[in-house]
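Engineer: As a plain string of letters, each chain reads:
Protein chains: 2
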Amino acid sequence: MAPADPSAKKRKTGDQASEEGAIHIPNPHLEKIKEDFLYHFALGTATHDFPALFGDVKFVCVGGSPSRMKNFISFIAEDLGIGSPGSDHPNICAGTDRYAMYKVGPVLSVSHGMGIPSIAIMLHELIKLLYYAKCSNVIIVRIGTSGGIGLEPGSVVITRQSVDATFKPQLEQVILGKSVFRSTALDKELAEELMECGKELKQFNTVTGNTMCTLDFYEGQARLDGAICSYSEEEKMQYLKSAYEAGVRNIEMESSVFAALCNLSGLRGAVVCVTLLNRLEGDQITTPHEVLKEYQTRPQKLVGHFIKKHLGKQ
Amino acid sequence: MAPADPSAKKRKTGDQASEEGAIHIPNPHLEKIKEDFLYHFALGTATHDFPALFGDVKFVCVGGSPSRMKNFISFIAEDLGIGSPGSDHPNICAGTDRYAMYKVGPVLSVSHGMGIPSIAIMLHELIKLLYYAKCSNVIIVRIGTSGGIGLEPGSVVITRQSVDATFKPQLEQVILGKSVFRSTALDKELAEELMECGKELKQFNTVTGNTMCTLDFYEGQARLDGAICSYSEEEKMQYLKSAYEAGVRNIEMESSVFAALCNLSGLRGAVVCVTLLNRLEGDQITTPHEVLKEYQTRPQKLVGHFIKKHLGKQ
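Going down the list, the protein sequences come from chains A and B. Position in the first sequence counted from 1, then plus 343, gives you this note's numbering. Position in the second sequence counted from 1, then plus 343, gives you this note's numbering.
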C-alpha cells in the first residue's frame, strides 16, 4: 500500500486557509528563518519589499519558455489596457537566468523550464514569495504546450485531473529517501469557469480531459524518435490508446507537481495547454513555425479572457 | 526484483561501437525516419548539414545555466587560443529558448536546464545530433553546481557513481507505464584522469565521491526551507549523514540520467560539480554573489585543463 503523505494532516489547515484566501505554508521551520533568500529567483526578504512588490498579485500564469512568458505579459498588459502599448516589461529575476518573471497590475507571469523538478523549484519559491507578500485569493494557471491524443492539433485542453504514466491521479514524491503519494486533483470550479471562457471565445477547439504528466519526453511518452527506443510501434499505439481510454487527452511534463503543490498550499490552480500534434498520428512536431506560434497564443487568449471577466473588464 | 532494462541487450552493440569510438543509437526506428527535426534545439537534418556543422566535435560540456555555458565557450576559446579574444560566439539554437548551444573548434557547450527530465530531452537530441554528424571518440562532461556534504564550499567533486535517494547506483526510467532500472556508473578512467587534472591545477579542493541525484531540490534534498516540510531537523541531519556514510559527497539533479544515457549510447561521460554550500551546516545559499561566481568557474577551469592536455596544448 502507498504510504500516506506526511503533509496530508496539514492539508486540513490548508483548506481552511484557502477558504480565507490566504496562502498556506505547511512548513513549521520557516518561522525560524529571519531572512529568506529565494535563490532561483535572486530575490530575498532582506533585500526586497515583497508586500510592496507583489502584494496586489491576484493571477499568476506560469509556462515553460521564458520568451513565451514575456510575450504573455505584453499581451495581457495590452488586453487589460495597463501601461502604454509597446512598453518594455523588465524581468524581475534579472539577477539569475534560472527563471524569468514579469508583472503587470495584478498579473504575474513566470517561466518554469521543462519537467517536474524544474517547475517544483519555481513553485516552492513562488509560494513563499506570495506568502511573504501577504497575497490572498490568488489563482494560478499553467499555460503550456503538450502532445494531444485523438485531438486535432491546436486544440486547447483544460485539465480535469493530472495523472501519472499508469493513469493514476497521483504524484510520487521522494522525501528522505521514502516515497509518498500526493493527490493531483485540480480545482473543479476553476476548470469549469475556464471551459466557459473557451466556449465564449469560440476561436479554437477547447475540451476538458485528463492530462498525463511524465518524467521523460521520449521513452516516457512512448515516442519512437528518441536516441533510445526498445518497444515496437504496435506497443506504442496500444499504450497511447489505453491512455485515451483512461480519459487522457494530452501529455506534458509539469502538471502533477503543479496540482500537488497547489493542493498543499491552498492555491486555486488550473492547467490549460494547447496540443502541438496528435500523438496517434506521429511523434515529430512538423507543423510550420508560424502555425505553432499561433497555437501557443491560444492558452494565453483563453486565460486573458478569464482574467478580464474576473476584473469586470469583459 | 527490478525488471531488466529492455535496452540492455543492445548495450553490447553499444560497447562495440564505443570501442570504435562511434556514437551508438539503440533505436531501430530511427533508420526509417527520412528527416529528423530536433525540436528543442530548433535544428533539423533537412535544414542543417550536421557533419559540416558538428563533425569535428570531440568534447561536449553541458551545464544547467545558459549564461554559464556561454561564459564557458568564451573561456575555452581564449584558453585554447581559438578565435580572437572578446569575439562573440553565436547561439546555435537561437531559434528556440529551450536550450542554448555554442561551439568553438572541437568543443561544444550546451545548457540543459534543471532536473532529470530537462537534461534528458537535451541528451536525446544531442546524442542524435552527434550521430548524424558522424562524430567519433566524443567525451562529454557535465560541469555543474551542487550542494556538498561534509566538504568546504567551493570544493569540486568528480563523480564516481551517481546514486538515487536511497543511495543505489540506478535510475528508474518509466517506459510505457512500467519501471525499468538503468545503471548510473560512469567512466572510471575518465574520472581518474580528471582527478589528476585537479591535482595538477592545485587551485581548489578536488575530490572524488558519489553524487546523489534527486528529483526535487527542497523535500527531495532534505531542506528545511521549502514551502513544504514535514520532517524535523534531526531527521534531515540523519538522512544527510547516512548519505555521507554511503559515500555521497554532493547532491544535484541531473547526473543519473546523464550517466544512464552515456552508457546506452557509448559516450564516455564524467560529472564535475562545484559545491556551493555544505549541507551539514545549512540549506540556504548565502555566499556572496561574487564568490559564487568564482566557484562556478572551477569545474570550467578543471575541464579546460583536461581538454588542453588532450589536444596536446598543455
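Mixed in with the good hints, there may be bad ones.
The list treats identical chains as one, so a pair stands whether inside a single copy or across any two.
[Claimed, not checked] Straight-line distance between alpha carbons at most 20 Å, and here's what the computed SDA-like set of lysine to any residue pairs gives:
id, residue 1, residue 2
1, K584, E374
2, K377, Y474
3, K644, Y587
4, K579, R566
5, K652, G625
6, K656, A365
7, K413, A437
8, K375, S410
9, K656, I425
10, K521, E576
11, K636, E539
12, K584, E536
13, K521, I376
14, K413, T439
Hints listed in this document are in silico derivations from the structure and should not be mistaken for laboratory results.
Engineer: Work down the list of hints and note, for each, if the structure agrees.
Structural biologist: Tested hints:
{"no.": "1", "hint": "K584 to E374", "verdict": "neither (48 Å within a copy, 25 Å between copies)"}
{"no.": "2", "hint": "K377 to Y474", "verdict": "within (15 Å within a copy, 52 Å between copies)"}
{"no.": "3", "hint": "K644 to Y587", "verdict": "neither (27 Å within a copy, 50 Å between copies)"}
{"no.": "4", "hint": "K579 to R566", "verdict": "within (7 Å within a copy, 39 Å between copies)"}
{"no.": "5", "hint": "K652 to G625", "verdict": "neither (38 Å within a copy, 45 Å between copies)"}
{"no.": "6", "hint": "K656 to A365", "verdict": "neither (25 Å within a copy, 61 Å between copies)"}
{"no.": "7", "hint": "K413 to A437", "verdict": "both (13 Å within a copy, 17 Å between copies)"}
{"no.": "8", "hint": "K375 to S410", "verdict": "neither (37 Å within a copy, 34 Å between copies)"}
{"no.": "9", "hint": "K656 to I425", "verdict": "within (12 Å within a copy, 58 Å between copies)"}
{"no.": "10", "hint": "K521 to E576", "verdict": "between (35 Å within a copy, 17 Å between copies)"}
{"no.": "11", "hint": "K636 to E539", "verdict": "neither (24 Å within a copy, 49 Å between copies)"}
{"no.": "12", "hint": "K584 to E536", "verdict": "neither (29 Å within a copy, 49 Å between copies)"}
{"no.": "13", "hint": "K521 to I376", "verdict": "neither (26 Å within a copy, 41 Å between copies)"}
{"no.": "14", "hint": "K413 to T439", "verdict": "both (15 Å within a copy, 14 Å between copies)"}
In terms of the numbered hints stated before, the structure departs from hints 1, 3, 5, 6, 8, 11, 12 and 13, listed from lowest to highest.
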